[in-house]
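These protein sequence lines are chains A and B, in that order. When we follow the numbering used here, the leftmost residue of the first sequence carries the number 191, and every step to the right adds one. When we follow the numbering used here, the leftmost residue of the second sequence carries the number 309, and every step to the right adds one.
Hints listed in this document are in silico derivations from the structure and should not be mistaken for laboratory results. One thing to keep in mind: the hints can contain errors.
To be verified - Here are some, though not all, of the chain B residues that point toward chain A, as calculated from beta-carbon distances under 8 Å:
| id | residue |
| --- | --- |
| 1 | Ser-336 |
| 2 | Val-498 |
| 3 | Phe-500 |
| 4 | Ala-501 |
| 5 | Leu-503 |
| 6 | Pro-504 |
| 7 | Ala-510 |
| 8 | Arg-511 |
Ideal Cβ placement from N, Cα and C applies to all residues, glycine included.
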Amino acid sequence: MPEKFDCIVVGAGPAGTACAYELAKAGVNVLLLERGEYPGAKNVMGGVLYRQMLDEIIPGFYKEAPLERPIVEQRFMLLDKESAFTISYKGLEWAKEPYNNFTVLRAKFDQWFAQKAVEQGALLVCETVALECLVEDGRVVGVRTDRPEGDVYADVVVLADGVNSLLAKQLGFHKEWRPDEVALATMEIIKLDKKVIEDRFNLEEGQGCTIELLGDATKGILGTGFLYTNKDTVSIGVGTLLSGLIKHKIKPYELLEYVKNHPMVRPFIEGGEPVEYLAHLIPEGGYRSMPKVVGHGVVVVGDAAQLVNAVHREGSNLAMTSGRLAAETIIMAKEYNDFSENMLDHYRVKLMESFIGQDLKKYKDVTSFFDKHTQYFEKYIPMLNRAASQMLAVDGLSKWEKQKKVWQTLGSTGEKLQLARDMLRAWRVVK
Amino acid sequence: MHIVTCIKQVPDTKVIKMNPKTNTMDRSSAPAILNPYDAHAVEEAVRLKKRYGGFVSVLTMGPPPAVKAIKTCIELGADEGYMITDRAFAGADTLATSYALTQAIHKIAKQKPVDLIICGKMTIDGDTGQVGPGIARRLDIPPLTSVIKVVEINREEGYVIVHRKREDGYEVVQSTLPCLMAVEKEINEVSFASLPNMIRAARYEPHIWSVDDLENVDRSQLGLKGSPTIVSKVWAPPKPSEGEIISGTPEEQVERLIQLVLEKTDRLASKEVAQ
């Protein structure tokens, strides 16, 4: 006789583990399934973990979690071929408790987080793949795994099975993602001496820095590159919409090699030894791509529900909060012993009311807008670099003439009008 | 039938790095796994339990994280797990290890008499294959090494028939029970654990004994004190130099091969002369 749990969570990433943690803490009998050898074995992210959302689940987690560096500076480099226009904010308020965000290595962090859920009473089973949801009379009643005697039942199943979410797809919650709904990120972890990292990134001991790379980092394809400091490694990567890679007929690892060798980037990682290569899909369809997230006896959380804010490169925090909200709803559903779609829909409502729904709504058109209007990445970033170069070069021209020349780099009157229109349009999309 | 399987958690030597300065294994560089030969031992015990009925216990000596290896055995279908862990056991060679495990087996046997002990052929970190026979000697039961098949166990008449691997085939051996077997990898294929076993293992807490929990222990035979083995030198075997792939027409290949053979034998011959 297969065992029945109160709840099965499929996937021990940030969303699934947060959900299992909250459920177990409330005394719910929860089974957490993970396909990897251990939680984090198959999980990839650039590496920024935001403090606030995990703090709401495990207060003061940063005192014990395996974190790399608290981030004190966030730089944005708008790259042309041989130049960069950099904007940065560095603040020492981020160097002390309670911190703003951290760099993490997921293989370590996810293990720790899952262990926390286990300590609360969640039952973690690894190396087990959930193949499909078991459905009876239109209700999800459990999952079928790849193991012998692999069926297991529950009142409610939480799908935290990541960006591809085969289980949600099988239930008809979403179709195969289109190439413009997912980004492909490839990254390398490069080993460097602690001291070298701190010198190159202008950091005090233990502090961290993130650099987002726009423009030529992705050869003008919509997407970003990134350079994050870990304890004794640097994570460097590049992510672009799959559709962009297809359109430009470029292979993801070629793009990674390109950004690694970019003259504005190369000095940061010079002499480092690549120790890991990772690649993963990121759901970037945003609000318009969100699948159905609730059904009879089932809820969808995290990447599986397309909960990523591509503009602010936030994902794991949305995942954790969605997991927590799902847990709250399940705890309530358990009190009423009602796991119908109607009851579980409370989760969807909470999700949309939270910062997750609000942020996704705010940026609902951003990805598709910039995907359609390529001039921002292809034209305006190089233009900005040329203008800055002209403005800052001391070459005997008077400042009047300088300004005139800069004005000329913006093109003809028609082009200037177009530029003004484009800036206004972009502002409307992100505002 | 009560089968006790002795197992060990080992660093995965497929991925382990050597510290070039001290010539020791950098254990932190490799994940800890259940010794692969021991997985076959547990699998065989579980299969014999299915064939003849009974109960499978696993026993290990090691530091607290070795609980994970016991859990892996529970996943494979073992019923109970015992771990002896204590600073007093630290630094044990095969002599002291077999002594400590034997004392633990005595204690397990008090709860439930033991009919059969199964060990893996050897561990992949020590490579000695001495602990199994050591336990058999101390228990004064027959050791059956290099077992590749258990043909029959007859508990009523108290005998077992097995196949032992030899370089030129195998031999059929009959032994009395209880006895100890050390099994080769060929004996079985380790099964993919069932979900109920995975769930059971996730919940399972093994019995953990310190040296004080064991009876009649002669402490001078434990750990470093009880280990007469002296490691005089450890070194990583040199990596074999890259070979040469001979290509071309068959005639060219043969020619090159002969040339190489002549060169090498020349070198060997000159070495002999020099010596």
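Inset, instruction - So, Ala-510 of chain B near chain A? Judge it on the closest CB pair being under 8 Å. - result: At 5 Å from the nearest chain A Cβ, Ala-510 of chain B passes the 8 Å test, so the hint holds.
Inset, instruction - Closer than 8 Å between Cβ atoms is the bar; does Val-498 of chain B clear it against chain A? Give me holds or violated. - result: violated, 13 Å
Inset, instruction - Double-check Ala-501 of chain B for me: the hint is only fine if its C-beta lies closer than 8 Å to a C-beta in chain A. - result: holds, 7 Å
Inset, instruction - Hold the hint about Pro-504 of chain B up to the distance rule: shortest CB distance to chain A must be less than 8 Å. - result: holds, 6 Å
Legend entry - Minimum beta-carbon distance criterion (8 Å), Phe-500 of chain B to chain A: holds, 6 Å
Legend entry - Interface hint status, Arg-511 of chain B versus chain A (Cβ within 8 Å): holds, 6 Å
Legend entry - Leu-503 of chain B as chain A interface residue, shortest Cβ-Cβ below 8 Å: Hint holds; Leu-503 of chain B Cβ to chain A Cβ min 4 Å, cut 8 Å.
Legend entry - Status of the Ser-336 of chain B interface restraint (C-beta, 8 Å, chain A): violated, 13 Å
Hint violations for this structure: numbers 1 and 2, all remaining hints satisfied.
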